[in-house]
Amino acid sequence: MTNTPASCVGKVVLKLGDDISTDVIYPGRFMATVLPAETPQYAFCDLVEFNTRLKKKEIPPRSILVAGKNFGCGSSREQAASALKGHELLIIAKGFARIFLQNAINLGLRIVVCPDLEASEGDEVEISGQRVINRTSLKTFPMVPLPLTRQAIIDAGGLIPYTRKRLLEKHA
Amino acid sequence: MGMTVVQKILARASGKKAVQVGEVVEPAVDLAMSHENAALVINQFQEIYKGTGLEPRVWDASKIAIIFDHRVPAESAKTATNQKKVREFIEQQGIQKFHDIRGTSGGICHQILPENGYVRPGMVVLGTDSHTTSHGALGAFAFGVGATEMASVWSLGMALNIEVPATIRVEALGKFPDYVSPKDFILHLIGQISAEGANFKVLEFHGEAIKKMNTSGRLVLCNMAVEAGATSGIVPGDSETVRYLQKEAKVGEEIPLTIPDRDAAYEKTITIDVSLLEPQIACPHTVDHVKPVNDTEGLKIDQIVIGSCTNGRLDDIAVAAKILKGQDIAKGVRMLVFPASWKIYRESLERGYLTDLIDAGAVVMNPGCGCCLGVHQGALADGEVALSTTNRNFPGRMGNPHSEVYLCSPAVAAASAITGVITDPRKGAN
Ligand code: SF4
Chain A
1 MTNTPASCVG
11 KVVLKLGDDI
21 STDVIYPGRF
31 MATVLPAETP
41 QYAFCDLVEF
51 NTRLKKKEIP
61 PRSILVAGKN
71 FGCGSSREQA
81 ASALKGHELL
91 IIAKGFARIF
101 LQNAINLGLR
111 IVVCPDLEAS
121 EGDEVEISGQ
131 RVINRTSLKT
141 FPMVPLPLTR
151 QAIIDAGGLI
161 PYTRKRLLEK
171 HA
Chain B
1001 MGMTVVQKIL
1011 ARASGKKAVQ
1021 VGEVVEPAVD
1031 LAMSHENAAL
1041 VINQFQEIYK
1051 GTGLEPRVWD
1061 ASKIAIIFDH
1071 RVPAESAKTA
1081 TNQKKVREFI
1091 EQQGIQKFHD
1101 IRGTSGGICH
1111 QILPENGYVR
1121 PGMVVLGTDS
1131 HTTSHGALGA
1141 FAFGVGATEM
1151 ASVWSLGMAL
1161 NIEVPATIRV
1171 EALGKFPDYV
1181 SPKDFILHLI
1191 GQISAEGANF
1201 KVLEFHGEAI
1211 KKMNTSGRLV
1221 LCNMAVEAGA
1231 TSGIVPGDSE
1241 TVRYLQKEAK
1251 VGEEIPLTIP
1261 DRDAAYEKTI
1271 TIDVSLLEPQ
1281 IACPHTVDHV
1291 KPVNDTEGLK
1301 IDQIVIGSCT
1311 NGRLDDIAVA
1321 AKILKGQDIA
1331 KGVRMLVFPA
1341 SWKIYRESLE
1351 RGYLTDLIDA
1361 GAVVMNPGCG
1371 CCLGVHQGAL
1381 ADGEVALSTT
1391 NRNFPGRMGN
1401 PHSEVYLCSP
1411 AVAAASAITG
1421 VITDPRKGAN
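Residue numbers (the numbering used here), protein chains in the order written: chain A, 1 to 172; chain B, 1001 to 1430.
Bound-form chain B, shown alone (with noise of 0.2 angstroms):
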């Protein structure tokens, strides 16, 4: 029997020829990523090495990634002192791969490992974020884990008991419509397999609207793969993987790709023809509760968010620019823009995209997560709604319990923007 892409990942991390479903393995570590919570992980870390005699050293400080995007800049005094003493614990250890709040060089987590070629096809990625996930896209194993499994990663280089979890394969046949995004084809397949759907299971991406889709499209796909409960998304790496990494991510080696055997075991595959689908809305409060635009149509918003790990790269700033270049944001709405990192906001800036979102009333935002979690800049009043690119609608997730959070994609919340209301952007905006 042959192996799936994540199988074979296992296989080769573990030192093992081949991996079954089932079986734990602990596999090496390629890249460790962390985030502002890199603070816990440390607390954890220091707490592994107690009453050894051991001097706390982290297994390899070329493979550690941290970047600061959760809270940036700092919107509490309480934020800044856990920055510095991140700060302090990477100068300490030579962490080489730090990303601070720097216009060169910074951004959300999940968009500076691919933008800077930091992973790779057939790598074990392992993330203190849940959308770790995003990195499936590069053709590589990627997870969320908790601090204190990070910091156990910190120290003994490998993931401790990993199960080789089983593999749901997507086909994707077909060609988007226009105003059709990856985005909709990912909500709608949580929706049809609901929020526990692929719990402790991998979603492997294949068929023919996949092989088109660039990376940018991939890393949607595979960063709300999580919110279907997967372990991971992946896109066994291709032509545009290699193609994304030499050109886009200045990666000057070669690249080997991972693919999965012809007869490798699935649990199931499920086929979605994306020619068919429309542009699709999660309604609060479950990021399964999907329906097409219509069913929501004219629905009144008080905020519009363009931006996050799932939509916040150029080609979905293009789109909003596109829809938008022109037209005038309606009254009572506030649009917020987070490009995902800064090379992305320099580029927008210099196509003139963030000039024609700002001349239709836009408010551009530093990259970041900004109000995506609900930490600070672009709070909701009690009752009132927001439609965003993000990638939650939780209770309380944009820091509100009483607002209310409905998602979609870039150009459905640009289409909205000019009206007010729910809008399809295949009928034009006006």
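Bound conformation, chain A alone (with noise of 0.2 angstroms):
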């Protein structure tokens, strides 16, 4: 598993912009919905006609949701991120907050960083290497590599597994 993915293609189901808040991508009054099995019902639930589209399994995985800076800002929730790693849905943004950026990693959500990306919805776009390919306006766009330090985490499968291992050669 990588988060950012080396190439795949899908395409753009929906466009945000700045600052997008864990209160929108998964709104407070869910938060004692806590299992990440339970959760995806309720991404992006203030969003109606979107998240309608999610739960009819109208939005096939894979799918790219476009943002711009500071996506994810916020509460530290961890549903936001499980939220849409139930959906298999791939943000490119123009950045992530911390704590977002950590909680995808740790939970295997995958995401781009790609600070000029042109994209609309309904683009096609491609991922691959260390570039975004808008296929739609044929325009190429570099993405910012996630930091290198986060690869063991990202290798391992996510947090958890890497704990697991973590935990295992202690009590070796």
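Because the hints were derived from the structure by calculation, they are not lab data.
Since we're looking at a predicted model, the values are computed, not measured.
Using N, Cα and C, we set each Cβ at its ideal position, and we do this for glycine too.
If a hint is listed, it holds; no wrong ones were tucked in.
Label-pair ranges, simulated between beta-carbon atoms: (1) B:L1173 / A:E58: 52 to 60 angstroms; (2) A:S137 / B:Q1096: 56 to 64 angstroms; (3) A:Q130 / B:G1015: 34 to 42 angstroms; (4) B:A1061 / A:L138: 54 to 62 angstroms; (5) A:E124 / B:T1052: 38 to 46 angstroms; (6) A:S137 / B:L1054: 46 to 54 angstroms.
Each computed DSSO-like pair below joins lysine-lysine, with the alpha-carbon atoms no more than 27 angstroms apart: (7) A:K170 / B:K1050; (8) B:K1050 / B:K1085; (9) B:K1322 / B:K1291; (10) B:K1050 / A:K165; (11) A:K139 / A:K15; (12) A:K139 / A:K11; (13) A:K55 / B:K1078; (14) B:K1211 / B:K1250; (15) B:K1300 / B:K1331; (16) A:K56 / A:K15; (17) B:K1097 / B:K1250; (18) B:K1268 / A:K69; (19) B:K1247 / B:K1322; (20) B:K1212 / B:K1322; (21) B:K1211 / B:K1175; (22) B:K1250 / B:K1212; (23) A:K15 / A:K57; (24) B:K1247 / B:K1175; (25) B:K1212 / B:K1247; (26) A:K170 / B:K1016; (27) B:K1078 / A:K56; (28) A:K69 / B:K1291; (29) B:K1268 / A:K94; (30) B:K1017 / A:K170; (31) B:K1427 / B:K1300; (32) B:K1211 / B:K1322; (33) B:K1016 / A:K165; (34) B:K1322 / B:K1300; (35) A:K11 / A:K69.
Computed from the model, here is a short list of chain A residues facing chain B with C-beta under 7 angstroms: (36) D19; (37) D46; (38) S76; (39) I99; (40) N103.
Please dock the two separately framed chains into a single complex, following the hints provided.
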């Protein structure tokens, strides 16, 4: 598993602006729901139309969500990452807030940092190596690689298996 | 080259002489805090142990704090069941710093930790709450993490893959004018540097205005550091930190301080003269959409909220009571007050503040997060506007995506309660 996929193609199903907070991704009133199996139903639930499409499974896995700067700012609630992971969305943003970025890595939600990306809803976008290619506009944009230091967690398949490995080493 | 205070803390906690910015470390954790979301941490913790043949045991039951605050008393059967599950786990693991729903010891996690002397200068503090940055007010390196990361800390006792953050130095010069408070200072700073202006960085506060500021005010600054994206805010421990811990938190032992080196390297320095500040308002729907109060004056308000981990402390309630004593809250305006802890509630009661507020028409609620995160107590109707001393105004934050939240200091909130419109407290409430 890698969080920033080496290559894949998907359609942009939603385009959002800057500073999309975890209150928007996963409103606080559903925070009593904690299990990753149960959180996806509330993803973006105040964007009623998008949430309905998600719930009706009209949005195929590996679809792309494009956002501006500071995606995932605000509350540390991990439900925001687990809800998006549940729908197997790929998030391409100009930038991510720190806690959300770490939660995404820990849970294996696929994210790409691409500061200059231009894409609209409906565009077909390809991830190829360190580039994001908008196949609709035929423009190419460089991505910023994730911090290398997180690689050990990504390589292990997320923070749970990574911690398990470290725990077993400790008790060996 | 010298080290910033966070570099020093991380070097100590990682067993190193020195650490560089960008270096990856695995610091030992001194305090690990969760609230109701401990229910998810427990789930992830048990996942970690699956198939290992090891018995799930937290690394150190004395270093884990769990405080119920986000939805107290439980607003639903689901929350009540989560809380029950957490209580059982606490009992089974022998977790010592547990604050249940009790008039003797309850409150908001970011008030309970300092109030009980759990946080000391130089500590590494992690919390499953983004406002864990608050505890930098006591000179600790404190930051928010997700539930899975906390589960990892519970099993290993250290934080994995922490990159030593760069530090921005903030110099606060001058003296605060009347009715201008630390809240106005931090809102102004966030407005200047933007909601991601300190992303992945530390805000280290210095200067005359910080030296004179009490711990309550420092908690406001560090609490909202995360709204500029900061990993952490920090006021290096000083004589005020020692005073607070010994006098208010009743800590008996000696309190060693960690301070930055004189030649520490900062990414940049931001200087603000607080004597020139005016009361500030963060307008919908981002915390960095900040304007001086005069630019929003006269805007009609439906609900006023005083409370939260930002501004629900004794001095906040005192200011509100002083402004509202003998006054009448405007018709059509609802005012809700949530003290940050039961200790504060009790002191406010004894000093007569709560009576002053109730007589003016305010509704005093039980300590806890209340309507801050839009779960229960004080929802807004479609199209309504709230003016609140809390720390976030994102769409839907107070439970209704079709409402608006403006953020301000307790003085602005109280002055506006009398008029029913956003009001500059310096002009007198009438
Ligand atoms: S008062 Fe609000 S911001 Fe503070 S911990 Fe509670 S929900 Fe979070």
